[in-house]
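> Chain A is fixed; fit chain B onto it per the hints.
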Amino acid sequence: MSSNRELAMSSYVGIAVGLMVIVGIEVILTYQHLPPRTLLFCLLCLACLEAFAAVMYLMHVKYEKPILFWTIFPATLLVLGFLCYLLPDAFRMASMRLLR
Amino acid sequence: MNQSELAVVGGHSIEMEASPYGIEKKKLGMWVFIVSDACTFGAFLFAYGYMRIGAPVWGTPFEFSSIMNGVLMTTILLSSSLTMLAAVRSAQAGDKAAVGKWLGVTMLLGAAFAALHLREWFKLIGEGWRLFYNPTGGAAQFGATFFSVTGLHLTHVVSGVIALAFIGRGYSQGRYDESHVETAGLYWHFVDLVWMFVFPLMYLMNAR
Numbered sequence: 001m002s003s004n005r006e007l008a009m010s011s012y013v014g015i016a017v018g019l020m021v022i023v024g025i026e027v028i029l030t031y032q033h034l035p036p037r038t039l040l041f042c043l044l045c046l047a048c049l050e051a052f053a054a055v056m057y058l059m060h061v062k063y064e065k066p067i068l069f070w071t072i073f074p075a076t077l078l079v080l081g082f083l084c085y086l087l088p089d090a091f092r093m094a095s096m097r098l099l100r
Numbered sequence: 101m102n103q104s105e106l107a108v109v110g111g112h113s114i115e116m117e118a119s120p121y122g123i124e125k126k127k128l129g130m131w132v133f134i135v136s137d138a139c140t141f142g143a144f145l146f147a148y149g150y151m152r153i154g155a156p157v158w159g160t161p162f163e164f165s166s167i168m169n170g171v172l173m174t175t176i177l178l179s180s181s182l183t184m185l186a187a188v189r190s191a192q193a194g195d196k197a198a199v200g201k202w203l204g205v206t207m208l209l210g211a212a213f214a215a216l217h218l219r220e221w222f223k224l225i226g227e228g229w230r231l232f233y234n235p236t237g238g239a240a241q242f243g244a245t246f247f248s249v250t251g252l253h254l255t256h257v258v259s260g261v262i263a264l265a266f267i268g269r270g271y272s273q274g275r276y277d278e279s280h281v282e283t284a285g286l287y288w289h290f291v292d293l294v295w296m297f298v299f300p301l302m303y304l305m306n307a308r
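Residue numbers (the numbering used here), protein chains in the order written: chain A, 1 to 100; chain B, 101 to 308.
Bound-form chain A, shown alone (with noise of 0.2 Å):
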């Protein structure tokens, strides 16, 4: 079970609000023409943040104890970070249509 150290629910609604703010910011970006990989970039940027935040106040992981918290997340981020080792080969099939 969680801690007693849990935030009022006032405080739970201001983190929803502060979700919403990020929403909102993002899809400003996305009106502003930026090229698609500064727009990609700056989305997964505030979409991690995002998932931090719900992580760790939604989800209530920071009142739990630590241990939890370094057993789950190093190891997914390190799983979901190795699935970007194919990448390349699409970089590569994006050359080879303009070489054609």
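Errors might be hidden in some of the hints.
[Said to hold, decoys possible] Under the rule of at most 20 Å between Cα atoms (straight-line distance), these lysine-lysine pairs were calculated in the PhoX-like manner: (1) Lys-62(A) x Lys-126(B); (2) Lys-125(B) x Lys-65(A); (3) Lys-62(A) x Lys-125(B); (4) Lys-65(A) x Lys-126(B).
Bear in mind the hints are in silico, worked out from the structure with no lab data behind them.
This is chain B only, laid out in the frame that chain A set:
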């Protein structure tokens, strides 16, 4: 010993070491499920990124109205996370009526999210988008990636609504306790968390 529990096995009381995580088994099980599900969604989103980078022309089907629909869906899902938190708090306080009320509101918000999602799907299908057909002449894989990623998420939302109905009923009948509500809440927040990646990557990156 503070970190130990007493259990009775075969008429003998034995001392069992407590979980190093300090959480119940069902909650730890939910975390393991969440990790595996995060990897599944990660693989789906990666496949989308791979195909998008490799495709010479990609479709941008979402007009401003669709983006606003997505913002509304996000608001509904975030609100449902708050009502789920209220349900967990009420369960910890032992207030059965409040648990039923907040779980009911969460289920309604989940159903509203699913309805808006299906409306967006039918709109795209009406415009000619299919799993392997792009009516604008761009990469045919857009439909495959969009419908599979959002379909997987929608399945999670619908499954969550059904699970909450079972948990709420069981809690009101006394078969389940507050830890069941808390574990169901963990799942619901995860569904919310996944949407925080699906919305920018599938909708905003494909906005006109």
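> Evaluate each hint against the coordinates.
Tested hints:
no.	hint	verdict
1	Lys-62(A) x Lys-126(B)	19 Å, holds
2	Lys-125(B) x Lys-65(A)	15 Å, holds
3	Lys-62(A) x Lys-125(B)	19 Å, holds
4	Lys-65(A) x Lys-126(B)	16 Å, holds
Figure legend: structure checked against the earlier numbered hints; every hint is met.
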